[in-house]
Amino acid sequence: MNILLMGNPNVGKSVIFSRLTGVRVVASNYPGTTVEFTEGTMRLGEEEARLIDVPGTYSLDDAPSKAEEVALRMIDEGDVIIDVVDATNLERNLQLTLELLERGRPMVIAVNVWDDALHKGILIDCGKLEEMLGVPVVHTTAITGEGIKELVERIGDAAAPGSPHRWKVDRWSEIGRIVSTVQSLKHRHHTFLEWLGDLSVRPSTGLPIAAVVLAACFFGIRFIGESLVGKVMEPLFDWLWLPVVEKISSWLGGEGLVHYLLIGRLIDGEIDFGQSFGLLTTGIFIPLAAVLPYIIAFYLALGLLEDIGYLPRLAVLLDSLMHKMGLHGWAIIPSLLGLGCNVPAVMATRILESRRERFIASTVLCVGVPCAALQAMIMGLVGNPERGGGLSYVLIVYAALFATWLILGRVLNRVLPGTSPELLMEIPPYKRPHVPTVLKKLWMRMVGFVKEALPIVLGGVLIVNLLYMVRVFDGLAWVAAPVLKHVLGLPRDAIVAIAVGFLRKDVAMGLLGAMDPALTIKQLVVASAVLAMSFPCIASFVVLTKELGWRGMLKATGIMIVTALIVGGILNLAIPG
Amino acid sequence: MAMRVPLTDMVEGETARVVEFLGGRGAVGRLARLGIREGAMLTMLHDPHMGGPVVISVAGSQVALGFGMATKVVVEVPRR
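Taken in order, these protein sequences are the chains called C and Z. For the first sequence, counting from 1, position 289 maps to 289 in the numbering used here; every step adds exactly one. For the second sequence, counting from 1, position 21 maps to 598 in the numbering used here; every step adds exactly one.
Each hint should be verified, as a subset may be incorrect.
[As the list claims (entries may be wrong)] Far from chain Z by the CB rule (all over 10 Å, computed), these chain C residues:
1. R50
2. L90
3. I209
4. D272
5. I296
6. A315
7. P429
8. L503
9. I570
[To be verified] Listed below are the simulated DSS-like cross-link pairs for lysine-lysine, each with C-alpha atoms no more than 27 Å apart in a straight line:
10. K128(C) x K66(C)
11. K128(C) x K649(Z)
12. K649(Z) x K451(C)
13. K451(C) x K324(C)
Rather than coming from a laboratory, the hints here were simulated on the basis of the structure. Source: prediction; values computed, not measured. Cβ coordinates follow ideal geometry from the N, Cα and C atoms, glycine included.
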């Protein structure tokens, strides 16, 4: 038996889904994650049923969106539909409900977000609604689990309405009649969350709030990341892993090909996790000890912002700014995701309608948005006082990247033919974060990072060492030396790091940090910016090709290289020292 | 007497009835999904700020519209 879970976006469908199946799934506010559907199995008395979480749908009529097209096709596969309705927003939600009833499938209605509706003074007479629609109606509060058991019990009573198409003539007046019969409103005061929601979307108060939120995230992420690296991961590596690799090193005799590949160079006769550059030393250390802590910190912050519903408000606030880049406010979401990893960020540009928007959005994000792995290494190297760095130098890198993101977007908007699209979206109310959902999502993203990154980092370290041995880099360095020296002020060996950036940017930063003689702080700043902006890492490269096609990808890559050289050159001239 | 104005001319706190759309069919369909349809009552929550988006309350939820799209929604406001 196939059971379809359907409803408008942001009605808590995903939480009901995870309650029914017992398997927790991604539940958040932005499009992109809900466009793909999820399925699971649920127990229904003695038998097992297949439960499908259909993408959020406002309506099945008139020019449906991609997600709604999918939903429309799924209806034919469903034996029973569970229609999830937001109790705080009955009028608009009933549009889909009536459309579904017209299709004559057996249906049960879950009136969800019941607790919030009560808080807001909205009372819905479920018995009367059941009578009027002719299908079972159950009220639920998915977050607490209230009503879920009853919902399951009543799936068996699912009914198909007697006369389909009876509302086609004037659906809206029918909805008006239903709402006025079953719903009663009590006068009440605005809640704190509504007041906050209001403040954070109004430009005069919203922009300062956004600045505070983003700054708090930046420093919070840096603090958590730095603490995890310095107080947890580094001590753990020194305590547990160092003795192991030291033993392997002495067992291998401290030199030779295998030692070089596995352990790397000994720095003053000792293993240095940051600089030895062997598979078992730096290759393991970079992803797990240097980068993973920042991944955890970043996705914790992002997950909380998603779950409470802050992101749509940021999109409204930044709409005017994004228009100057030929985009609308929602296009900030891919760039924000890019601060974690550019791969999901480029994929998230699918939420944008036109090809032009997708090209601009993915190009500016690949140029101006450093991923968490790269940022972690930038914080570790450019922010390191022992290298003459500090927060001010880190901020120079960020400011340069942000300015480039903004200016490049404006330039592309001028140069590319076409017009800017318009923002149109619902702003869901703020809600308390559902901690299990946030943590589960964080866990999935962490596991995803380790699975994706670890093999590529290890492969990258291996390839770098092999290429060093066969002296491939010497030729490359000879060709690139004039540009590096005169435009960017970098030593010729830096080309190795920049080339390795194609594999993984964190490994590339690691190489910059391990260079001998050591780079000055100014060179580190220039090199970090160039590394961030020049071509994408191989994983982003693949999705970029998939999303933009070969020609689009080559165009984007060309833009990236030129931009990297220009901005790198400017930084080289502008920074004293 | 009521007055027909574009949505962008409404001021904060004002409530009006939607009477006409100047946009294409696609835009009308997208607006209707969010409850912005002919005859619907809506309340202006944040009027446009230097060509920025507007935020309105309609059918029990809050909706943000880009400035350009908002100019294409014609509403009838009570005489001021």
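Sort out whether K451(C) lies within 27 Å of K649(Z), counting only the CA atoms.
At roughly 49 Å apart (the allowed maximum being 27 Å), K451(C) and K649(Z) break the hint.
Was I209(C) rightly flagged as not at the interface, with every chain Z Cβ beyond 10 Å?
Check passes; 14 Å lies beyond 10 Å.
Assess, step by step, whether the Cα of K451(C) is no farther than 27 Å from the Cα of K324(C), and give holds or violated.
The hint is violated at about 38 Å.
Mind checking the alpha carbons of K128(C) and K66(C) for me, to see if they're no more than 27 Å apart?
35 Å, violated
Against chain Z, does P429(C) keep a CB gap of more than 10 Å to every residue?
Non-interface label on P429(C) violated, nearest chain Z Cβ at 8 Å vs cutoff 10 Å.
Status of A315(C), Cβ more than 10 Å from any chain Z Cβ
8 Å, violated
Please check whether the beta-carbon of L503(C) is more than 10 Å away from every beta-carbon in chain Z.
40 Å, holds
Is K128(C) within 27 Å of K649(Z), Cα to Cα?
Answer violated: K128(C) to K649(Z) is near 39 Å, above 27 Å.
Interface-negative label, L90(C) against chain Z, beta-carbon threshold 10 Å
7 Å, violated
Mind verifying the non-interface call on I570(C)? Its CB should be farther than 10 Å from each CB in chain Z.
Holds, since 30 Å exceeds 10 Å.
Consistency of the no-contact label for R50(C), given chain Z and a CB cut of 10 Å
28 Å, holds
Non-interface claim for D272(C), where every Cβ of chain Z lies beyond 10 Å
52 Å, holds
Violated hints, in rising order: 2, 6, 7, 10, 11, 12 and 13; the structure is consistent with all others.
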